[in-house]
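J.: Sequence:
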Amino acid sequence: MLVVPANELPHPYFCVLSSSATMPGTKPVKRATQPEDVKPSKKVKVSHSSHGREGGPPWFWCWGRGMSGSVPGQPWAGGGLVLVLGQGDVGQLGLGEDVLERKKPALVSLPEGALQAVAGGMHTVCLSETGNVYTFGCNDEGALGRETAEEGAEMLPGKVELSERVVQVSAGDSHTAALTEEGAVYAWGSFRDNNGVIGLLEPMKKSMLPVKFHIDEPVVKIASGNDHLVMLTLSGALYSSGCGEQGQLGRVPECFANRGGRKGLERLLVPQSVHLRSRGKEGHVYGFGLSNYHQLGTPSTNTYFAPVKLTSFRNSTTSWVSFSGGQHHTVCLDAEGKVYSLGRAEYGRLGLGRGAEEKSEPTPVPGLDSAQVVACGASVSYAVTKQGCAFAWGMGTNLQLGTGRRRTSGRRCR
186 MLVVPANELP
196 HPYFCVLSSS
206 ATMPGTKPVK
216 RATQPEDVKP
226 SKKVKVSHSS
236 HGREGGPPWF
246 WCWGRGMSGS
256 VPGQPWAGGG
266 LVLVLGQGDV
276 GQLGLGEDVL
286 ERKKPALVSL
296 PEGALQAVAG
306 GMHTVCLSET
316 GNVYTFGCND
326 EGALGRETAE
336 EGAEMLPGKV
346 ELSERVVQVS
356 AGDSHTAALT
366 EEGAVYAWGS
376 FRDNNGVIGL
386 LEPMKKSMLP
396 VKFHIDEPVV
406 KIASGNDHLV
416 MLTLSGALYS
426 SGCGEQGQLG
436 RVPECFANRG
446 GRKGLERLLV
456 PQSVHLRSRG
466 KEGHVYGFGL
476 SNYHQLGTPS
486 TNTYFAPVKL
496 TSFRNSTTSW
506 VSFSGGQHHT
516 VCLDAEGKVY
526 SLGRAEYGRL
536 GLGRGAEEKS
546 EPTPVPGLDS
556 AQVVACGASV
566 SYAVTKQGCA
576 FAWGMGTNLQ
586 LGTGRRRTSG
596 RRCR
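Note that our numbering has the sequence shown beginning at 186, numbered continuously upward.
In case anyone wonders, no lab produced these hints; they're calculated from the structure.
The reader is advised that the hints may include incorrect statements.
In silico lysine-lysine, DSBU-like type, Cα no more than 30 Å apart, as pairs [as the list claims (entries may be wrong)]:
hint : residue 1 : residue 2
1    : LYS448    : LYS494
2    : LYS571    : LYS230
3    : LYS448    : LYS391
4    : LYS344    : LYS391
5    : LYS390    : LYS344
6    : LYS523    : LYS571
7    : LYS494    : LYS289
8    : LYS344    : LYS397
9    : LYS448    : LYS230
10   : LYS230    : LYS344
11   : LYS230    : LYS289
12   : LYS288    : LYS571
13   : LYS288    : LYS344
14   : LYS390    : LYS448
15   : LYS448    : LYS397
16   : LYS494    : LYS523
17   : LYS571    : LYS289
18   : LYS523    : LYS288
Computed spacing ranges between beta-carbons, pair by pair [stated by the list, open to error]:
hint : residue 1 : residue 2 : range
19   : HIS399    : GLU439    : 24 to 30 Å
20   : ALA338    : GLY552    : 39 to 45 Å
21   : PRO484    : ASP283    : 48 to 54 Å
22   : LYS288    : THR315    : 29 to 35 Å
23   : SER485    : ASP325    : 36 to 42 Å
24   : LYS230    : GLU387    : 26 to 32 Å
25   : ASP554    : THR588    : 32 to 38 Å
26   : GLU336    : LYS571    : 41 to 47 Å
All values reported here derive from a predicted model rather than from experimental measurement.
All residues carry an ideal CB built from backbone N, CA and C; glycine is no exception.
All chains, full assembly: derive it from the sequences and hints.
T.: And the structure:
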């Protein structure tokens, strides 16, 4: 089972691809057959797509306010540069106190090459080629995971102290997570719901420094939503933690979604497994959470508090390899490099041109036939081609399209 996250922070939903096929550069994960009381004889070393990939340009992008998950641009072996643009009023650009916005890409000064860069609501996280984590931006709720008492310390990159080598990072509105090569997950900051802070691991308590999530087996991949975290284990189990108001945890019934009901916030914050029923057939896509604009590809606009099979993605001629979700839309990538979108159409976020209407099924984005990476912001979308060309479309009021203008585009901008 391969988990493919709708990996943009505003999304209160999650997509899962159940398949024996794998994404490029990965190996199939077999479900563990050992009894629960038998420990593996050797430690598991976790790797990630941000390590060991060869070829292609060594650079990334990080646009605008309010992004999360993998940003446009594929991490490449050897480390690369991090370029930022958009709004930087609380230091999320990492360019210092004097730079509050950038219309064009600017280089972030890091002490070593980067393998991955992700952006949260108002902070940015970079993973270096040696497994170190650097953060910058708003630290009001601990999203930076380090001390920022010195004036201006949050406006420039600073190292997060972790005892293990990190292989993947993710970021949400006010939290950050890191996956180590030992399969452990560390997080810092806090989750929020509509009423405010709910805590990270302990109710109503934010974590200013990294804390370890306790899961019984190694984790091989993580993904952050706005206020929730999802973790995939070596055996194929899926765990979730955080806010569940809109079904995004996939395991908390609606009657308990408001702060956990009688069991309290522990029901939400303590990582627990999501029950996903799969018969092992290839290409089945599951989702849960908000679908008020059909962004899950469901025929109805209901909220789904448990995983459902998304039949709109069932097509014998299409092999899905990646999904990315914005606030009310989803962008998809197939094995041939074609890009699709569905969900809410306002502000041009679907890339289908002026006059486009809401879509409940994956709809091809014109002119994008050789993409290898897709990503979303709240109301924007991105794609990077195999040739290294970046395209953006949607709302650009915070300069997040990279065009240098505050305008909305319903068509892809290069």
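J.: Does the structure break any of the earlier hints, and which numbers would those be?
T.: Of the numbered hints, 7, 9, 11, 25 do not hold.
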